[in-house]
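Which chain is which? The protein sequence lines are A and B, in order.
Residue numbering for the first sequence follows this note's numbering, beginning at 1 and increasing consecutively.
Residue numbering for the second sequence follows this note's numbering, beginning at 1 and increasing consecutively.
None of these hints come from the bench; they were simulated from the model.
Some clues are possibly wrong.
Said to hold, decoys possible - What follows is a set of in silico ranges between Cβ atoms, one per label pair, in the way DEER data are often shown:
(1) Asp293/B / Gly783/A: 56 to 62 Å
(2) Asp721/A / Ala303/B: 17 to 23 Å
(3) Arg65/B / Arg718/A: 23 to 29 Å
(4) Asp293/B / Ala743/A: 30 to 36 Å
As the list claims (entries may be wrong) - Listed next, the stretches of chain A that the computed footprint assigns to chain B, with coverage defined by at least 3 CB atoms under 8 Å from CB atoms of chain B:
(5) 685-698
(6) 703-709
(7) 837-845
Please read all numbers here as calculations on a predicted model, not as lab measurements.
Think of the CB as a built atom: it goes at the ideal place given N, C-alpha and C, for glycine as much as any other residue.
Okay, here's what each chain looks like letter by letter:
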Amino acid sequence: MKLRRIALEEFRKFRAPVALDELADGLNVIAGPNEAGKSTFVAAIRAAFLERYKTTKVAGLAPWGAQGARPSVEIAFEHGAHRYVLRKSFLSRARCELLVDDGAERHEGEAAENALASLLGFEFPAKGQSRPEHGGIPGLLWIQQGDGQNLAEPAGHAQAHLRDALTRLTGELASADGDFLYERVEAERAALRDARSGRPKGAYKEAEDASQRAAQAADTLAAAKRALDADVDRLASLRRDYDKAQQEQPWLELEQRAARARTHLAEIDRERETLAGLRRELAQADDTLALLHDQVERDQRDAVALRELQAQSEAAAADLEPARAALERARQLQQQGAERLAQCNAQVAAVQQADQRRDCDEQLARLEHELQRLDAAIAQAALSAQQIHALQRGAASLAFDADSLGALRGLEQRIVQLQAQQQAGATRLHHRLQPGQRIELDGTALADEGDALLAQAAELRIPGVGVLRIEPGGRDLPAVQAALQAARAERTGLLARLGAASLAEAEARAAAHEQARRDLDMARQHLRIQAPDGIEALQAAQAQAQERRTRLQALRASLPDTPAPVDPAQARQALRDATAEAEHAAQGVITARTALDTRQERAHVLHAQWTARQGEFNAAGRAGQREQRGARLVEARARRDSLAQQAQAAQAALQAHQPELIEQDAQRFERSAVLARDEQQRRHADLLQLQGKLEQAQAQGLGEQLLQAQADAQRLARRRDEFATRAQALDLLWQLLGERRAAATQRLLDPLARRLQHYVGLLFPGAQWRLDDALMPAALARGGGDDALDALSFGTREQLGVLARLAYADLLQQAGRPTLLVLDDTLVHADQGRRELMKRALYDAASRHQVLLFTCHADAWQDMGVEVRAVPAGPGV
Amino acid sequence: MIHLIHTADWQIGRQYGQFDTDDAAMLAEARYQAVARIAALAAERRADAVLVAGDVFDTQAVSDRSIRRLFDALAPYAGPWVLIAGNHDAALADSVWSRAHQLGCIGPNVHVPLRPGVVDLPDLNLAVLAAPLTQRHTYDDTTAVFDTLPSAPGRVRVGLAHGSVAGRLPDTVDSANPIAADRAARARLDYLALGDWHGCLQIDARTWYAGTPEPDRFRANASGCVLDVRLPGAGAEPLVETLPVARYRWAHWTEALSLPSDAESLAHRLQAVGADDVLRLELAGQLPLDAWDALQDAIARAAARTRALLLEAADVSLVPDTQDLAALGASGYVAEVAAQLQALQEDPAQAAAARQALRLLVQYQRERAEAP
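Chain A on its own, in the form it takes in the complex (with noise of 0.2 Å):
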């Protein structure tokens, strides 16, 4: 398709009519400055194939502000082998107009429309402006301002056309039915199977499931039964064991046989007995044994004693002899020392009378003074007892009873107290009579002028008036009288106690009293100065003295006075020397007489005991005594010992029995026969209860239950199994299609695959373009790995979607599609190199189809080998 003219009239900034007109069947370079009005002639070529004319939603290309504007555009092109002219009005008096070949053919309107449609693929929408999803082939080729990196839509809403040339070039037929196929498998494969996982899903998962559970069940059922089984086969073997027990009875054997052991027991009882009895009779023999070898012994020691006894005797009487001498010696020894004694005992007498002498005399001396003093002492006693007794006697008329007084004193204060409360409270009777009169007052004549207290009821008799009678008031003035009475009635009778007339009198006896006793107590005093134990001490004393007096006058008077012969001293110590020896004597003679008597009195007692004894001894019947227990004693023995023999003998045989084994087995049977009725008894428990059980389980039927299950299990596994083949013949079915049909695809996508890598190669060299299944490029691979196209760059972006759409024009002229490439603007992202790189495919490009280059950048252009044009401008704007 090669347009000729664009012409343009009330378009936009084109009130006037303008025109784009010898265009070249390559590139078409139109560059203008902004606002020249160059994407109203893209807007133009757009609504003139695109809107239908019609529509009123084209106001826009209406010149600002006309009313009734009137846009029109015409153009006119070839394509195949006709010439087209197009003419379209849009608004008021809307027209659309086509002539084919230069009016060989005329369409108008929608037919028109129609056609154009067809021609070069695209749709006109319903109703309303013409949206992208129409624009089909040149939707896709005419690339408005800053959509070129879009690429993924426009290619979508060509690709029937796009597939259509496809299909056309590769000769691949059609394949709707493998697409459809295809997507049959997959959904019935996606009822079955999971997309992701490729796990049963749906009615195959269910059939899994419930075949699963099935199964389970019956595997339930089945371990049910089992235990069911294993129940049965354990009441059986119960049963068996308890019949059998029941008939055995094992605990019966077992029970006679520790009857039999205890039986033995008993007897081995019996014999212990017999052993300790004659345990206990040789224990007795054994003790009368020791009796009689004691006896025995006795007599022996008996017989030894006496000799010894005899001997003794004998020898006593021996030493007798020279006892008596020594005696004889310590009386000649005694002898001398008391002569010598008696000489010193002389001379120290007359030592000792001389000193008595001395003695005496001091004494007597001394005892002159003590009588004297003795004497003295008890003539003043005697006077202070006098005084004392004077002094007590008066004290004792003055004797005073110092509580009675206390008491009056109080009395008296009280009495006091009381006559204020009576004079306070009575009645005050002032009498100024006068003269000669006389009142009468209780019986008392009052006259002349005077006070009279009235501490009670009181008459005055007023003679020739009459008597007044006055109670005085105040209440307590009758206790008060009654107090006052009372308490001078005990005055009375405390003073006439005390014996005085008034309380100073009794305080003036009490006084003289006290003076009396102190005077008492200071003569006592003295007294006891002189005589501290008393006057008849002192006598005593005084009686004593003069005793003793009387004695050494009398004792002196017989001494001779002779003078001392020796000295003193030495005479006593000489006379020491002598008691010494004297006594030493005595003492020896003593010793001597001791030791004779005490031999004599031995040898005596020896004797006696001696004669006792033997005569004892030899009594009569006593020989005939020993032999007797002599006999008994070797009888005993014998007797012992056959005892011991039959008691050793016993024990040996009881210890044979090992009674302790024969108890062991006693209880080894006792409790075994126990545990075995117990265990026929658990037995029988355990019967019952598993007979319950067992009675249970098959009323609910549990065999029939199982085959059931396992039936129904059997189905639903045959049911799974139906799904698993019909997945397994799925998934072969959709791997075998998806194989073809990626190899189908991929034949009919290499026409387009080679254009685009012609064009990428030209770009990035060795990069390679990766189509999707949509025939759209989805990503470029170069160098390490793919990179989606929405990664890239805008300006990346931007030429791989001029070169797409390149290799999409290739695609659709080789399928003998119009294609008209119109690029408004586009490529200003592109730095120099990719520019220059994009020229080159454009410019190889433009070899093939029209290209339309509007751009504001003339001098970046001027190298494309074709002359750069200027957009129109209009007469004016």
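Go by the hints and put chain B onto chain A.
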């Protein structure tokens, strides 16, 4: 002349998991009906006794209802029934028999010996030497005791046992419950009524298997009968008559399909199957599409008529030719895929999936073509 009915292996309670629920229910029900028919038959033929040689129930712990139903089904025949326990329903310490006793189902005319011994029927001058199984797994010959078991003098001795006669059965599995082949002679039995083998089978003149009265598996072993046994007297040989009593015929067809004509002849034969048939159809081979369609149609029709039809056609490969594919509208790579699948049908590893996939492809293409 003592007239007995000999039957066995009623397998009451057996479930058929290989069939659909409804069909399985009907087949399970049929087993009770077989018992009712036997009772009616015995009454009609005025038999003296009915001997049931074991496996009355298919399992222990049957529901109470089933037990009651079974014993109620015996009602039409009043004469003595002698039932022994087999290996499925062994007379254990606690078993379906003890349960039946507890429920009070066992009438006075029904003898159920729980230990090997003699069931003496003096009115008939018949001594039934019964060897019920008392263990879940029995490895010794329970009939050995017959040799020494005395019966009242003059009685006709009939043995009743459950087990496999050593070496005389077509399928020699490891013989649990073995029975000596010459037991009848050794024990001086006039007749030995056996159960366990589900087919009706004569061992010798005096030893027979009655088989199950209602078939319960696809094995072709002549099941579905009871035996009418007449014993002339002590010592005389018994006269045995086979009476078919089964309701359903179980059949197993294995078909190899290599030519379309094979499919046709099969379809023709399928026309003959009816309401009392239980058919297992095993197909293998390869067919073109149209033949396959026709065969499927015939099978569907047959399935509608029969009691139950189990179809195993996984081993049938489809071989659509180019016309078929074109007719399906399978063009482009779809056709290639179809060809690929066709080839894969030969690969044993992927054959099953490939066959199924090919069928699905055909189905989907057809559906699309039929869609508006």
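Does the Cβ-Cβ separation between Asp293/B and Ala743/A fall within 30 to 36 Å? About 31 Å separates the Cβ atoms of Asp293/B and Ala743/A, which means 30 to 36 Å holds.
Taking 8 Å as the C-beta cutoff, is the stated coverage of the stretch 685-698 of chain A by chain B satisfied by three or more residues? Satisfied; 5 residues make the cut.
Take the stretch 703-709 of chain A, compare each residue's beta carbon with every beta carbon of chain B, and decide whether three or more fall closer than 8 Å. Holds, because 6 residues of the stretch 703-709 of chain A bring their Cβ atoms closer than 8 Å to Cβ atoms of chain B.
For the pair Asp293/B and Gly783/A, does the Cβ-Cβ distance stay inside 56 to 62 Å? holds (58 Å)
Could you tell me whether the CB distance from Asp721/A to Ala303/B stays inside 17 to 23 Å? Since Asp721/A and Ala303/B have Cβ atoms about 19 Å apart, the given range 17 to 23 Å holds.
Pairwise beta carbon distance, Arg65/B to Arg718/A, judged against the given window 23 to 29 Å: holds (28 Å)
Stated coverage of the stretch 837-845 of chain A by chain B [criterion: 3+ residues, CB within 8 Å]: violated (count 0)
The earlier numbered hint that this structure contradicts is number 7, and it is the only one.
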